[in-house]
Structure formats: C-alpha cells, structure tokens
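S.K.: Here the protein sequences come in this chain order: E and A.
Residue 220 in our numbering sits at position 220 of the first sequence, and the numbers go up by one each step.
Residue 291 in our numbering sits at position 291 of the second sequence, and the numbers go up by one each step.
Calculated directly from the structure, the hints in this document are not laboratory data.
No experiment lies behind these values; they were computed from the predicted model shown.
Identical copies look the same in the list; a pair holds intra-copy or inter-copy alike.
Dumping the calculated DMTMM-like pairs for lysine to aspartate or glutamate here, alpha-carbon to alpha-carbon at most 20 Å:
id : residue 1 : residue 2
1  : K144      : D126
2  : K242      : E199
3  : K144      : D119
4  : K144      : E127
5  : K322      : E280
There are 2 protein chains.
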Amino acid sequence: MALIVQKYGGTSVGSAERIRNVARRVADTRNAGNDVVVVVSAMGQGTDDLMALAADVTANPYPREMDMLLTAGERISMALCAMALQDQGIPAMSLTGSQAGILTTSVHGSAEIIDIRADRVRAGLDEGKVVIVAGFQGVDPVAKEVTTLGRGGSDATAVALAAAMQADVCEIYTDVDGVFTADPRVVPGAVKLDDISFEEMLELAGAGAGVLMARSVEFGRRYGIPIHVRSSFHAAEGTWVKEETMEEAIVRGVAHDSSEAKVTVHGVPDQPGVAANLFEPLAEADVNVDMIVQNVSIEGVTDISFTVPKASADRAKEIADKVAREVGAGGVDIDTNIAKVSLVGAGMKSELGIASRMFRILSDHEINIEMISTSPIRISCVVRGEDVEAAVRSLHEGFRPASSPKEE
Amino acid sequence: MALIVQKYGGTSVGSAERIRNVARRVADTRNAGNDVVVVVSAMGQGTDDLMALAADVTANPYPREMDMLLTAGERISMALCAMALQDQGIPAMSLTGSQAGILTTSVHGSAEIIDIRADRVRAGLDEGKVVIVAGFQGVDPVAKEVTTLGRGGSDATAVALAAAMQADVCEIYTDVDGVFTADPRVVPGAVKLDDISFEEMLELAGAGAGVLMARSVEFGRRYGIPIHVRSSFHAAEGTWVKEETMEEAIVRGVAHDSSEAKVTVHGVPDQPGVAANLFEPLAEADVNVDMIVQNVSIEGVTDISFTVPKASADRAKEIADKVAREVGAGGVDIDTNIAKVSLVGAGMKSELGIASRMFRILSDHEINIEMISTSPIRISCVVRGEDVEAAVRSLHEGFRPASSPKEE
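Start from the sequences and build out the full structure, keeping to the hints where you can.
M.R.: Shown next as structure tokens:
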C-alpha cells in the first residue's frame, strides 16, 4: 500500500461536476489500496473573484485581512471535495492549512513553509479516511495568524506535505498533460517529457515553464519525493520529476519567458562595492532580480544590465536612478520589450559546444542576442520581444528534445 | 467610554458598497469614544449560494463538511469589513469564531455556545483596534472541529460575546426599524416599540416574530445585556430589549406564525403514560413540538392535538401513527392549513379578562378558534390559515398596542 498525495488545481475543481470527477479519481486511487491525501486550490476563478471584492472595498487591502479573505477559497473547495467523496461512499475529511499543521513564516501573502506537523492528517488516514487539505494556506505558529503562500502555493503545500509524510509520490493534477519540451502553443511539435530530473525542472521553472513552480520542485529534490505532473482530464501518465537518471539528455527543453524587463545602468565606475550598492536596495524593495550581466570594464567604466519582472520595472528604475546618481554612473535605461529563451538539459554539463550551437542557430535566424547567462545545465539568452517565438521554434527544431533520453 | 457590540446581518453587508457603509457606521461609533466589537453574518445570499453548491455536489452533505463550507461565508465578509475600516483609517482586525474563542457543543449545524474565551478579542481592543468577529460559527474545543450555530446564529454570537465581555449594549442591525406591535406587512397601523422586556420578547419570538431569535434574547436576559434592535439604513433609534420596566403594557404586540401544522390523535385511551409514549419518540426524532392541547376525557377517551413545523409534519404523522396503533387510539389527522395568532404583554399577569376579550374579538370577526394555549404573559390561538391576517388586524385594532406603555 502506497501513500499518495494528489494536488488538484483551480481548473480541476472549477465546478460541482468537476469536483465530482476529482472525487471519482481520488476514489479510484483509494480503492486500488492506497492511502490518499488530497490538496486542493480554490475553485476556478475563486481567488480572483475574492480579490476583485477586496478591490471594490479598498485600494489598499491589509495583507493580514487579504489572507483571511483568500483562505475562504480553498475552504469552500475542500469541503465540497470531502462531500463528493463521502457521496461516493469514501470516508473523507477536510482540513484547513492550520488544522493540517502547515506552519509558515509570518509574511502575509508570501509566507514560506517552515515545518509541517501533520498529526491530524495522519490521524485521519489512520481512521481510514481520505484527508483533503487546503492548499496555498498555512498558519504562523507564533502569532497564530492565517497566512498564504503566494503564487504556486498549492503545489508547495502538496510537495511539502508529501515530504513530511514520506509519501511515495506527489501527483500534481493540472489542465495540461505534463511538462513539454517547449510551450506547445508556440511549438506545435513540442512533445511531453516522460521524466525529467529535479535539477532540470528547477532550471525550466526558473526559465519560464509555468507548469510547476521552482519552490515545489526544490521541496521534492530536497526530500527525494517524486513529483508526477499529469492531466486531471484523462488517466494517461504525465511527466515524472525525480532524481536524475543515468542517461542524460543534452537538451530536455526550450523554455521562454516574456514577463521580464531589462534595466541597464550605463557608465558605472568599475570599483568595489558598486554592485552591492545597486542590488542591496533592490532586494530590500522586494524586487526579484533574475539575470545579471556586467560587461568588461573599458577605461574604468562598465555597464550593468539585469532583468526584473515587468511589474517591478518602475520601482527598479527608481532605485537604479538613485544609485546611479550616488555612484556617478552615466544613466539608466529600461526596456520592457525583451524576452528570455533558455535551453535546459543535464547533459550540458559534459557536452561541449552547446552554447555556440545555440548562438549559431539564433544568428542563422537573424535573432540578435542582448544578454547571455548560463548555469551548468542551462543557457539563457535575452532577445527582442518580437523574436522570442521564432527563437523557441528554431532552437526546438535545432536541438530536437525528445520525450526521454533513450529516444534521442 | 462604553463597550458596544454591533451585529450586522447578511443584508447589511450584502455588497462592497454596503460594507463601506457599515464601516462608516462602526467608525462613527468608535470615533465617539467607544470600544467596538463587530459581529458579521455572511454577505447577502452568501450562505444560500454555498448551500446550493453543496447540493450540486451531493444530496446528503455531511454536517461536518457543511460547517467547514458555510464558515467560509463569514470569513469573507469579516475580512472585507476589516479592510473597509482600515481604509477609513480605523485600526481593525477580523477573527474567526474559533479565534474569538466561541466554544460550542459538537453538534454540527446547530451547535450551542457553551463558553466564550475572548482573550484575542480583548487583546485587539487593548491594541486600540475594532475587532470584527465571524457570527454563526464556533469551535468544539474537544474535537477542535469548526461548528455552526444554526438559524439566528449570528445574533446569538453577538449577544453571547456582549455577555462574556460585559458590554454596555448589544446592537443588532437589521433591515427593519425594530420590533413592531404586529407585522407591518399585515397591519399597516403597526408601530415600532421603543422598548420591550426580555420576557415579552421571548414570547414574541416564540410566537413567530422573526426579528430576533429566542436564544439571543435568552442570553441577553440571563446576563442582563440590553439588546438594541435597529436599522442599518438610518440612524434612528430602534427597539430596546431590556429588563422589564415599572409600567407594564397589557398588550405589547400581536404575533402570528403560519409555519406550523397541527397533528391530532383521536380517541386516545385516557390512561397514565399515553402523552409520554407520544412525545418521547417525537423528541428523539428532533421534531420540535410547540403547542400541546388535550381535551377533557369523555367516556375514557380523549383527543390530543399538537403543532409542529410544517417541514416535520410527515415525520410527526409517522411517529403518531405508530404510537396510536400501540395505545389503541382511533387515528391520526394532520392539518397543514392552520396558523397561530398570539397576544403578548407583561401586563396580562395582573389584568383579568384579556383572554375573553381576545376570543370575543375573533368571534365577532367570525374567526373560529381551534386550539388555545396560554402563558402568564401570552395567549395563543390556532385558527384557519386563511383567517390569520384578519385575526392579527382585528386584535391589533381591538387592543391597540403602542410604542411604549406611557402612550396607552
């Protein structure tokens, strides 16, 4: 008998009918002899609807009350899921994040899970029940305040819970079939990956693949919990995210991300401490800096470019302007019409020439590269926004990532 | 500085605009130098919407999960109310029933408040905040399960909280102006009562006046908390429910109730234990029996009539049929076309002839009386369903209850 944690997203529980479908799926898993813990998001647009209500009441909702409000969303879906299971003769109970022992930091709206005390989840399983846990939410054990985990929070709940309970697998049900070699909306020939290593998935998530957030992958990697990303609409296998295998593909996927803007500080005096002067205040202002590139110094001055979420671009420019004045830099440019295209594959570690092949393919398609950043298993290039789809297609065509390394 | 508990019902918090209105009202009370605790119901049709969702999922929702589901309703309204107050510069925080220390029995769907440990409410007030508490909900401290209090539960939360915190007044905001001498939809000349005693209000609530549930009045009476029933749409005074005054009106109000059915067991052998045989199984089946009348025995047999909510009529008939067979009674009749009309007034205790005046007025209007039951401060008659409005109007005209005893 295995212990399986299943996570269903907002689309999967978006209506009474879909909730009954989810219940049938959970019942099948349970009737096959498994213990099942289910993590659910709020129904469909539930969270957005609640945010719209808050916006009608005030332009500046307090984060504590916003968390109190939003946590109503999963409360509704989890209770309905428990009812639907009971309706099919399966004993079930729902638990809030707090009841399930999801302990977090105190940062409302983007709390981090610090510990899981899953006594009530275990007790429910011991009583022969399927336990439904609210995703996305937890409790700050010091102030006893309800918190939410921010974007991708329900996945994090599921994987962290699977880790704490030493589950055999964490299944993430979603409205796509799994993790693809590229976004199928951009590359019609993209194929679903049968499996992928945690490290590759972390890089893909960071490079813009939206199917799974990096924090969930990191939980799975740290505690060795295989994550199975699969469709809630049919029974076919999805993509297994797990420890790396012996055979490593050179390129597993081509990811892209159009959500960032580029900030460039020109004519920065090349002296110790300048980078710290720039990036410390950005971090303090909660601006999430992604790529950072500094050119070689020419005649004692250099350019520093970095990318930030478009939503943070104005704040980043304001801070960069201030720092530029302080250190005597030339000025600050901002460019929102950029996109990032990335190749990810564990095999890059031991294979030479991937980067140059990538640059050649982009050049052959007359796509100009504005920034480059690499990790041992990833290469990312910033290109013009209008070039990104052509870049993804040409790289997918050039490297032909396949479902599994064996197929190559 | 007074401590005021204010309760706002679903209509009062039915939209973002109305929530902002409630916040203005709370802010005014607070800015006048009072400590304020606010109890809120779910928004408008919020509870009904959640019940409809549950009905879409299953025909038989488990009570535990129903409570988990429904408690999302007040969670939403209380967070929005806190945001609206903060938006007006008033420090505020919302608390669930559990966080506010509303401890209840374990009966899901109709739990009773057994204790209130309002430490977090007090701490919030000590920090200078308005504290918003979810009505209708609590927690069973033994099983640590979320419970709901059933119909009228938010009023009960408010009055019980006012009692626990020794508040100066509990204000119940509603969509009517207060307690009236009769239902204004039936009697256009009905007037709002300035005040009424707890005992009279208990009888009126039991006789069908829907503005305040008996359980809330009972809390107020037991702990000596004045209850001010008033409109959330304007600032005029409503009705004060409080200890009885020196001057007692003979008739304070005419109440009516068309929600009950009459069950008659004919030809019951008049021997000890027969009534117990009948009413014990009804109580065990949770059938709420209201009036009971037993006629004098003629030749060793008697008729027993009683009223029950129409929704329980079939169950009551089934049980009565079974008992009738066991004790050798003649048979069981059920009549759903009845209504009850009641006179309530503390002055009845010392005034003779009220009952006969009531019967005369009904007789003069050719309204037949089918059952009679009395308490020291109430007389109720069961009449035909189609006669009830004429009965209420003629009794209101005959006894002319006024806003306050002094006006008579």
